[in-house]
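Asks: One-letter residues, chain by chain:
Number of protein chains: 2
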Amino acid sequence: MVQKKSEVLMDLALRRSIFFPSAEIYGESFSGFWDYGFYGTAVKNRIIDSWRKDLVEKEGFIEIDGAQVLPEKVFVASGHLENFNDPLVQCSKCHGLHRADSLLGAEFELTEGTPTDRFDELIEKHKIQCPKCKGKLGKTKKFNLMMGLDIGATGKLKGYLRPETCQNIFLNFSRIQKTMRKNLPFGIAQTGKCFRNEIAPRNSILRIREISQMEIEVFFNPDKINEIPNFKEVENFKVRVRLNTKKKEEEISAKDLVSKKLVSGKLVAYYLARLQQFYQGLGIPTEKLRFREVSEEERPFYAKEGWDFEVETSLGWIELVANNYRTDYDLSGHAKTSSTNLKVKEDEKEFIPHVFEISAGVDRTLYVLLELALKEGTKKGEKRLFLSLTPKTAPFIAGVFPLVNKDGLDKKAKEIYENLLEHKLSVFFDAKGSIGKRYARVDEIGVAFSLTADFDTLKDKAVTIRERDSTEQKRVLIKSLPELLWKLSTEQTTFTQIK
Amino acid sequence: MVQKKSEVLMDLALRRSIFFPSAEIYGESFSGFWDYGFYGTAVKNRIIDSWRKDLVEKEGFIEIDGAQVLPEKVFVASGHLENFNDPLVQCSKCHGLHRADSLLGAEFELTEGTPTDRFDELIEKHKIQCPKCKGKLGKTKKFNLMMGLDIGATGKLKGYLRPETCQNIFLNFSRIQKTMRKNLPFGIAQTGKCFRNEIAPRNSILRIREISQMEIEVFFNPDKINEIPNFKEVENFKVRVRLNTKKKEEEISAKDLVSKKLVSGKLVAYYLARLQQFYQGLGIPTEKLRFREVSEEERPFYAKEGWDFEVETSLGWIELVANNYRTDYDLSGHAKTSSTNLKVKEDEKEFIPHVFEISAGVDRTLYVLLELALKEGTKKGEKRLFLSLTPKTAPFIAGVFPLVNKDGLDKKAKEIYENLLEHKLSVFFDAKGSIGKRYARVDEIGVAFSLTADFDTLKDKAVTIRERDSTEQKRVLIKSLPELLWKLSTEQTTFTQIK
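Chains as they are written, first to last, in our numbering: chain G, 1 to 499; chain L, 1 to 499.
These are computed hints drawn from the structure, not numbers from a lab. Take the hints with a grain of salt, since some may be wrong.
Identical copies carry no separate label here, and so any pair may be met within one copy or between two of them.
What the hints assert, rightly or not - Subject to a maximum C-alpha distance of 20 Å in a straight line, what follows is the list of computed EDC-like cross-link-like pairs (lysine to aspartate or glutamate):
id	residue 1	residue 2
1	K5	E319
2	K44	E371
3	K392	E422
4	K260	D49
5	K232	E415
6	K158	E24
7	K44	E63
8	K432	D347
9	K424	E483
10	K375	E121
11	K193	E63
12	K139	E124
13	K487	E418
Construct all of the structure, not just a fragment, from the sequences and the given hints.
Replies: Listed below in structure tokens is the structure:
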């Protein structure tokens with residue numbers, strides 16, 4: 001492709017309303033907020049469904065759904081009010097605002113911990129100017145990324161939109177552990193929105209101010225970080241890592257990650273392996289993914305060990321999941337600030353559990369899946385664009401179409417559609433335009449299969465099933481559809497296996 | 001029951017972490033925000049799944065997922081900055097804040113439109129004092145319920161958390177209509193959070209500041225409000241209404257609602273019927289529900305016609321869904337303020353579509369379903385509490401238990417559990433405590449069935465299935481479970497029909 005893949009995807013996203021800027025009829029000044037249309041919402045829901053099944057339910061974890069607005073004290077305890085900052089510089093001429101670290105670039109290895117005067121020093125030394133007007137830049141300030149709110153009518157209660165979904169999990173840990181009678185280790189999961197007042201949102205849905213996350217916090221006894229009953233299931237699984245000390249990716253078994261002391265213990269290796277399996281299952285090829293070991297300087301303020309799960313795209317490596325060993329940082333902070341006992345008793349010993357976090361971005365996962373799935377091909381000499389999404393991540397497993405809108409075909413197709421809905425299959429109905437155009441449209445948005453009711457359907461009680469990638473067609477009986485689509489969507493069968 | 005049902009439910013909700021105050025370890029000052037635990041989240045997801053299938057997908061509507069933070073201009077256009085207020089009075093002695101309409105009570109028929117000096121007049125005339133300290137009340141002020149935010153680093157961009165989810169739908173209407181090639185009438189749906197800075201949150205999850213909604217906006221040509229192709233399917237369905245002019249509920253067919261001009265047209269009657277069918281399907285008995293006709297004075301500022309869908313509980317009639325005929329109010333406002341053409345062309349005529357809104361509260365739906373399902377019974381002489389939720393709304397269709405945690409039963413039960421998960425059935429696993437205690441626990445949180453792997457299981461390849469309400473047990477083959485649970489959860493079969 002001559003155009004960069006990210007640009008082709010952006011064109012497609014806008015043209016088919018997969019995702020698009022929020023409140024766009026009011027112009028572009030209010031950036032960093034995006035809406036998902038019909039297909040984007042469907043893919044988002046597919047991603048969350050898969051996460052829930054593979055990483056939450058199978059592990060026996062507890063999913064909760066907490067408030068997005070939390071009182072100020074929570075963020076005193078969590079350290080966000082003090083530490084959740086980006087370095088901000090303002091141009092003295094045009095008053096434009098910039099992130100000092102972005103202006104300086106990656107080669108300086110600037111991190112969350114870099115003091116503001118270090119930025120000023122570097123800006124002066126390297127004669128960095130305002131990128132808009134070449135004006136002189138002012139002093140670097142810390143800019144807190146949280147969004148504050150006044151709650152209640154008094155104006156005295158300060159709240160914040162959560163900057164990460166996990167704080168509810170820490171706040172509820174003790175209640176959940178007691179009322180659900182849970183022994184360590186166990187995980188609490190949550191999916192939902194969080195909010196960060198980014199100085200300069202960019203790259204469509206990659207750097208945004210309102211973010212969808214899927215988070216899991218695993219609570220455990222630090223003395224038992226190597227007691228993971230299911231570790232055997234993954235011990236020989238090759239985790240693709242990019243170590244701090246190495247220049248390239250390598251594949252190391254979970255067992256070896258532990259024995260070579262590259263991770264704090266089996267628990268960490270276990271979840272890295274599970275996460276890689278999950279993303280491979282969503283269709284990301286192994287050679288496009290890695291866990292990048294996060295250096296001490298670069299780690300968030302609460303983390304003792306960090307592995308960023310990244311995927312390679314046309315925009316470079318994109319971080320999809322932050323995996324952090326947060327120790328007892330969060331629970332200790334909340335215990336102290338709220339004067340609550342958050343200790344657990346095990347083997348006659350009382351302690352605050354440690355936490356391993358798997359914090360995944362839904363928006364970024366969606367972006368990466370779409371970009372990697374984007375394909376160009378030709379059909380009957382004409383160019384065609386299609387999204388080669390796996391049946392698991394396709395917005396719909398099938399579109400249901402009447403060949404024409406008469407002679408009972410429309411009614412028959414609708415009947416098939418409604419029956420498939422009853423079987424909780426992700427399908428949609430379209431009766432508009434020529435069948436060729438409908439095929440082209442579903443190809444573009446990644447629907448895995450098309451089902452067409454034609455003039456023979458009323459006689460042979462069958463429809464044509466068409467595969468998106470090969471554009472091949474077969475004839476299948478209507479009554480076999482629920483089971484067939486079920487098996488196709490769970491990848492228990494493939495199109496070529498259909499007889 | 002001696003205790004009020006709402007109190008029994010609150011006890012249960014806290015004891016089993018169904019729902020509970022957010023950030024509760026930091027005390028109660030920050031009220032109106034609630035978290036959902038494992039079971040609450042599961043029921044919430046069941047409700048949303050049912051809504052998506054029955055009211056969105058079956059109707060062929062478009063679901064979107066938009067940003068919660070929107071720019072100020074949106075709420076200038078929508079009228080919320082001017083009109084979305086509650087009357088606030090402050091005590092001159094203790095400085096306590098109160099809603100003037102709540103202090104005065106229902107008999108005064110105060111509405112959104114009542115001017116503030118009318119409140120002052122009534123407070124003086126009826127000698128209303130501060131309910132906390134009997135102090136003198138100050139003048140009534142309008143208090144805007146929206147929560148404002150500063151966006152970006154300049155501090156000059158003002159945003160608001162949306163007070164209703166529908167604004168994204170109006171903002172995206174034109175884009176969706178064009179890119180999805182939709183003819184009128186069609187609906188856009190959205191589920192998500194919205195935020196209202198209630199002066200006095202109360203009644204647990206009924207009057208809160210962070211709300212989950214499920215909204216549908218149906219766009220139509222006002223000249224064709226009576227052209228609804230599927231109207232026949234509901235024309236004889238009895239809608240239970242409480243007319244403004246009448247003192248009690250009556251059941252009137254959709255057809256008669258139209259012919260007697262009790263609604264603006266067939267479109268309104270159609271969706272009222274569909275909504276009632278949906279809630280009946282969730283298990284709400286007909287005699288407990290009604291559409292209350294909303295009087296002109298009481299209607300929100302944007303509505304021409306309104307029907308509040310209400311359900312009777314121990315706390316009185318609770319509004320679950322606001323059904324409003326919003327005319328072209330919203331699209332016209334946004335067209336004007338954003339200088340965008342939001343007109344549609346049909347039959348050579350250009351016009352701004354009208355909107356009928358079906359705005360449902362998820363939290364309130366959950367509350368009402370749980371309260372109505374709350375039952376007390378006796379089992380072997382002992383009292384038992386159970387939630388008689390329908391299979392559709394139960395947090396899980398089944399719990400999977402090993403009778404004991406040895407002799408391979410735990411492994412077998414886990415295997416059954418994972419296989420059921422693969423079939424996308426809502427199940428959970430519990431191996432803790434005696435089997436009797438596990439049954440009591442699932443009864444309390446409304447799990448529909450229990451599956452127990454016992455010593456015979458390894459021989460006869462079958463498990464015991466136990467029904468929550470009757471506590472009866474039967475033996476079923478493991479291999480028949482996926483289909484059986486599927487049919488039970490979609491109510492295609494019942495426990496008594498199992499052979």
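Asks: All hints are to be evaluated individually against the structure, with a verdict given for each.
Replies: Hint check:
1. K5 x E319: within (18 Å within a copy, 49 Å between copies)
2. K44 x E371: Classified as within: same-chain Cα gap 14 Å, cross-chain 32 Å, threshold 20 Å.
3. K392 x E422: both (19 Å within a copy, 13 Å between copies)
4. K260 x D49: This pair counts as neither: shortest intra-copy Cα distance 35 Å, inter-copy 46 Å.
5. K232 x E415: between (48 Å within a copy, 17 Å between copies)
6. K158 x E24: Answer is between; shortest inter-copy Cα gap is 16 Å, intra-copy 30 Å.
7. K44 x E63: both (18 Å within a copy, 12 Å between copies)
8. K432 x D347: Classified as between; 18 Å across copies, 67 Å inside a copy.
9. K424 x E483: Result: close both inside a copy and across copies, 11 Å intra and 13 Å inter.
10. K375 x E121: neither (46 Å within a copy, 70 Å between copies)
11. K193 x E63: both (15 Å within a copy, 18 Å between copies)
12. K139 x E124: within (10 Å within a copy, 57 Å between copies)
13. K487 x E418: both (19 Å within a copy, 16 Å between copies)
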